[in-house]
Amino acid sequence: MTDSEPNTKPPLDGVRVVDFTWIVAGPTCTRLLGDLGAEVIRVENEQTLDSIRFGRPHPNGFDPPDSGAMFNWLDRNKRSITVNARHPDGLDLIKRLIRVSDVVVENYSSRILENWGLSFEEQRAENPQIIYVSLSGFGHSGPQRDYSTWGPTAQALSGLTAMSGLPEAPEPAGWGYSYLDHMAGFTAAAAITAALKHRRETGQGQWIDLSQVETGMALTGSATLDFTVNGRRYRETGNPPGNRSVWPQAAPHNTYPTAGDDNWIMITCTSDAEWEAFCEVSDHPHWRTDRRFATLPARLRHEDELDEQIGSWTAGQDGRALMQRLQAADVPAGVVQNGVDLVVSDPQMKAREWTVTRDHPVIGEHLTDGLQIHFSRTPAHRDRPGPPLGEANQYVFGELLGLSDERIAELQMNGAMG
Amino acid sequence: MGALDGLSVLDCSDPRGHFAGKLLAGLGADAIKVEPPGGDIGRSYGPFLDDQPGPERSLYWWHYAAGKRSLALDLHSADGIELFLQLAGDADVVLETSQPGRGRPFDPLALSDYCPELVVLSLTPFGQTGPWRDHAWSDAVGLALGGPMGSCGYDNIPGTPPIRPTEHHAAHISGYFAATAACTALYERQESGLGQHIDIAMHECMGFTIESSAPWALYEQHPLIRQAGRHAGPQPTEPWQYPTADGRLINIFGMPRSEASWLALVAFIQEHGMGQNLSELELLDGRKRQLGLQQPSVAVMLQDIAEFIAAHEAEEIYAGAQAAGAAWSIIRTPDECLADEHWHARGFFVDVEHEERDLTVTFPGAPYILSETPWTHGRRAPLLGEHTREILCGQLGLSDEELGALIAAGVAQ
Numbered sequence: 000m001t002d003s004e005p006n007t008k009p010p011l012d013g014v015r016v017v018d019f020t021w022i023v024a025g026p027t028c029t030r031l032l033g034d035l036g037a038e039v040i041r042v043e044n045e046q047t048l049d050s051i052r053f054g055r056p057h058p059n060g061f062d063p064p065d066s067g068a069m070f071n072w073l074d075r076n077k078r079s080i081t082v083n084a085r086h087p088d089g090l091d092l093i094k095r096l097i098r099v100s101d102v103v104v105e106n107y108s109s110r111i112l113e114n115w116g117l118s119f120e121e122q123r124a125e126n127p128q129i130i131y132v133s134l135s136g137f138g139h140s141g142p143q144r145d146y147s148t149w150g151p152t153a154q155a156l157s158g159l160t161a162m163s164g165l166p167e168a169p170e171p172a173g174w175g176y177s178y179l180d181h182m183a184g185f186t187a188a189a190a191i192t193a194a195l196k197h198r199r200e201t202g203q204g205q206w207i208d209l210s211q212v213e214t215g216m217a218l219t220g221s222a223t224l225d226f227t228v229n230g231r232r233y234r235e236t237g238n239p240p241g242n243r244s245v246w247p248q249a250a251p252h253n254t255y256p257t258a259g260d261d262n263w264i265m266i267t268c269t270s271d272a273e274w275e276a277f278c279e280v281s282d283h284p285h286w287r288t289d290r291r292f293a294t295l296p297a298r299l300r301h302e303d304e305l306d307e308q309i310g311s312w313t314a315g316q317d318g319r320a321l322m323q324r325l326q327a328a329d330v331p332a333g334v335v336q337n338g339v340d341l342v343v344s345d346p347q348m349k350a351r352e353w354t355v356t357r358d359h360p361v362i363g364e365h366l367t368d369g370l371q372i373h374f375s376r377t378p379a380h381r382d383r384p385g386p387p388l389g390e391a392n393q394y395v396f397g398e399l400l401g402l403s404d405e406r407i408a409e410l411q412m413n414g415a416m417g
Numbered sequence: 000m001g002a003l004d005g006l007s008v009l010d011c012s013d014p015r016g017h018f019a020g021k022l023l024a025g026l027g028a029d030a031i032k033v034e035p036p037g038g039d040i041g042r043s044y045g046p047f048l049d050d051q052p053g054p055e056r057s058l059y060w061w062h063y064a065a066g067k068r069s070l071a072l073d074l075h076s077a078d079g080i081e082l083f084l085q086l087a088g089d090a091d092v093v094l095e096t097s098q099p100g101r102g103r104p105f106d107p108l109a110l111s112d113y114c115p116e117l118v119v120l121s122l123t124p125f126g127q128t129g130p131w132r133d134h135a136w137s138d139a140v141g142l143a144l145g146g147p148m149g150s151c152g153y154d155n156i157p158g159t160p161p162i163r164p165t166e167h168h169a170a171h172i173s174g175y176f177a178a179t180a181a182c183t184a185l186y187e188r189q190e191s192g193l194g195q196h197i198d199i200a201m202h203e204c205m206g207f208t209i210e211s212s213a214p215w216a217l218y219e220q221h222p223l224i225r226q227a228g229r230h231a232g233p234q235p236t237e238p239w240q241y242p243t244a245d246g247r248l249i250n251i252f253g254m255p256r257s258e259a260s261w262l263a264l265v266a267f268i269q270e271h272g273m274g275q276n277l278s279e280l281e282l283l284d285g286r287k288r289q290l291g292l293q294q295p296s297v298a299v300m301l302q303d304i305a306e307f308i309a310a311h312e313a314e315e316i317y318a319g320a321q322a323a324g325a326a327w328s329i330i331r332t333p334d335e336c337l338a339d340e341h342w343h344a345r346g347f348f349v350d351v352e353h354e355e356r357d358l359t360v361t362f363p364g365a366p367y368i369l370s371e372t373p374w375t376h377g378r379r380a381p382l383l384g385e386h387t388r389e390i391l392c393g394q395l396g397l398s399d400e401e402l403g404a405l406i407a408a409g410v411a412q
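Line by line, the protein sequences give chains A and B. According to numbering that gives the first Met the number 0, the first sequence is numbered sequentially starting from 0. According to numbering that gives the first Met the number 0, the second sequence is numbered sequentially starting from 0.
Hint data in this document are derived by calculation from the structure and do not stem from the laboratory. Small disclaimer: the values here were computed from a predicted structure and weren't measured. You may find that some hints are simply not true.
Ranges between beta-carbon positions, derived for each pair [claimed, not checked]: (1) B:His-221 <-> A:His-285: 39 to 47 Å; (2) B:Gly-158 <-> A:Thr-294: 27 to 35 Å; (3) B:Asp-399 <-> A:Glu-113: 58 to 66 Å.
In silico lysine to aspartate or glutamate, EDC-like type, Cα no more than 20 Å apart, as pairs [as the list claims (entries may be wrong)]: (4) A:Lys-94 <-> A:Glu-398; (5) A:Lys-8 <-> B:Glu-116; (6) A:Lys-349 <-> B:Asp-133; (7) A:Lys-8 <-> B:Glu-190.
If you want the ones that stay clear, here's a sample from chain B, every Cβ over 12 Å from chain A, calculated [stated by the list, open to error]: (8) Asp-29; (9) Asp-78; (10) Asp-89; (11) Phe-105; (12) Ile-162; (13) Leu-277; (14) Leu-283; (15) Asp-284; (16) Leu-383; (17) Gln-394; (18) Gly-396; (19) Ser-398; (20) Asp-399.
Ideal placement from N, C-alpha and C gives every residue a C-beta, glycine not left out.
The shape of chain B in the complex, shown without the other chains:
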């Protein structure tokens, strides 16, 4: 069983909350994706099956809606909102992402008053208050305003802008806060019997996800310099990414701290007839190997290491360095991750049946292994309105005629 087994989540989110809903579904909740007739906008996000767009062909949707059920219901219609409120009366969590002044279908605070046992989770760009609360937003704008992007970019290519890491990371970051908030409120409810309203501003979630930029700003009001492939810092530091003989890149940030590990790394490199300067006595002093301080000893060390990496293949360097206790890595693309047996041995990748297409699809799986309440990927993402009938007729007791009328009126699908 899952940790949230038996709990019902009404997920009215747009792409800001799709990941949050996925996390709750993975923990075992019955997550009902409430989407407008015509389909959630996420169904229009690529990539697409065979590159052909279509509401059932979005691989974005396949990933983020997996394990959820689909109820296609127009919350901006009187009938739709009435049915929704009936469902909310029996639900445990409502997840919504609408901004206060942008024509939202219901007022989440009023809903919280209306259903005192319900956890109403508002995950919005800037929260329920403040001068920007209704500002237009996209995931990229969120990463720009919130701080993460300001630390990412190139120091070695003049004139280039800060770089936004791709994928929907503003939603990923705040999705975890939303999932934690929901679980925490449900935990608290077990004692008090009461739900509550939760206001999460994605902007504030970004502000906690900038590592040392935060203390440098809070204490010294000192901005950091963004640098390719490594931490932004108050001063420039040495590069960490080095090209290999087979056209890939190695990240060498995890330099050995212990003498034993350093000697093992040196031995590994010298077995290949390289790295003679690494035997310099001063490099036995861990402080003389420390990256980030622009020390002459480190410059000599890095030159030898760069030459070694340039002359060898990535997988060999990675395995040898890790065996020596150096936390070096290969810079992989997502497709390359699938070739690593370690993740398969742990069961990370999951095969999911798409029965109506006679297709088995491999997905990235659980972000954590819970020993007693395993995270489950759940079944393939729901087709548009796939569960409308079982929810409206099965749960709310509508007759087929009533459902037919709603569909004819465009309220349900």
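Chain A on its own, in the form it takes in the complex:
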């Protein structure tokens, strides 16, 4: 929870990232790097702005590109410069920036940087120690390298969409957001920090070729092995299983309705001890001795009846109060929370100061959300808002690259910066 204090350096202090990312996957990665203290410089182009800059909501009625809540949420702790990579002078600026940087991250389709003249080999010619991350749907090799994805497309291809839903429904529920955009971003951050550690030791940079679909398939181990080892296809046994647990076997393990409109509690008994504790708390202690429910195999055989009875008991009860009663008896139970619950009413998040108020030059005071990694000695930070477009042009071109004011004005005029 501790935000950075004066005189403490965050752990990635001194690492400079050239950030060509947009939408969600790449920016998720560079947000994490920025939180950890890297100097992240977003390379933007006024002709093809990141659509997230235009995403709703727009607080206080301000107009894009600098006011978007989604952008400010996802792109905090970053700087912004405007460059046209297709202009020879613009490309030159980018190459000069790469020379004084440590990491390049992009999540374009697989041939874009190559077409600009910024393949890994070309980047390495500028900076032999560069760490380059290409984050794409299908990776930069293989017969389908020119196919493209969005988060939902990647989830569908990886198997993850099919593994979420009710067994009797005509379609999976899948994921209600771009899970693999986040996960590919997290994967990239893990790979980059590992590569930084390796480079500090050996001086060697490298290329990290990340396929979003592969990051998803890497999360389907049990189901994949059930096929490669046991020959069982996923749908053969009535999958997806809704909110029940197939592996590990557990019952009850489901969502149950509580008082109010569309409120639910997840209750999971993963051991007999938890089941017995649950029966004690419930107003139905006889469930424990009921032959249909006395043992795990029996509960699994009678899971429909079990869920129906529990659902009748929870319906009408206050979900949070019920959660507290069950938790007091050490039964794993939690209400289904949405984003607003996390921000407004979650006592744990409150206690850990998950949201804090920060200032922004356009939209003013706003809430930003938490850090996930709390270091005891080198705390991460969340002090800088999402950057207004081009706010760091002077800093990067003037201070970092040492261009004169005249040259900067010239590059603005000739279309290289913009």
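Dock chain B against chain A, hints included.
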């Protein structure tokens, strides 16, 4: 070599941290899975080889413990914890997942003080502080409380609950934060020479993994509507999943943005004698094709597209749409992914020998391709206590008699 070659990780995690440990092992660390005599609880998680349970038959374990060594040691015994502390003195990272008030075998903050060069990584449901820090937890409860599940479910089946995507995704999400944290602390240690304690609350990791729910909540306190197979949103949007002639489903979210790509997609559909309404002039305007706004032009477009998809087979639609530049996809199951040559060409699936069973098993492989320090799958998951002797006798110098006594006392296995 791997990026973490030569580094030693003591992985004392329960299933909350099994994926985190796997990631560090894949990056080249020597990950020692410290499990209780009798076996880690993950060994009781199915599916199982030939559906027969047993500590060496868990396919969950085969996946998540691959590349690790096994040290079976009771950390709740005095002898066990003493040996563990000796190992920790030489280790680089300790990964632990115990909640502060639930009888943990050691205090991670004290361990961090005791070994200043060590990175002590605590990956716990709610972190080291706060009113819920000792709450009972499961992966599903984590996804419910943390926000991801609240965005998943059906808009078109009344009365249905939010849906938890299966597999151990609370552990997957926080596993990446743990791996990033460990690598970051190790990187920082190269300069300072010092380790530190790291507190990761899985609950907070979930809270960053809810995409637009977060800004809508932070700025407008506006909840989103969950919708089948597509993004939850502030308002209802059009369906994206459409059934094919061969009983599968196509996701059409990636509609072409450029005019060239749109015209190529229309040509592909019209070559099959369908989609006559797609030639409507207003659909040339990318904004009139934009999903999510409930526009009349999109309703007409989707009707033609749905009819085309219903009349054709999934693989043909997928290949044709992608060739036109539309990021459509087939909704595949994990077994169906293995049939796609692209992933084999990239070397994603890995064959691993299980020599004592005379079995070669195909696993999902690297989540990233590092050009100089390749991720490695490592050898098959360790048998229970397979490396107890080489670690306690080889590394710590115990005699065979001392090890025998520990085993007899149930401290080691």
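Legend entry - Ascending list of hint numbers which this structure does not respect: 12
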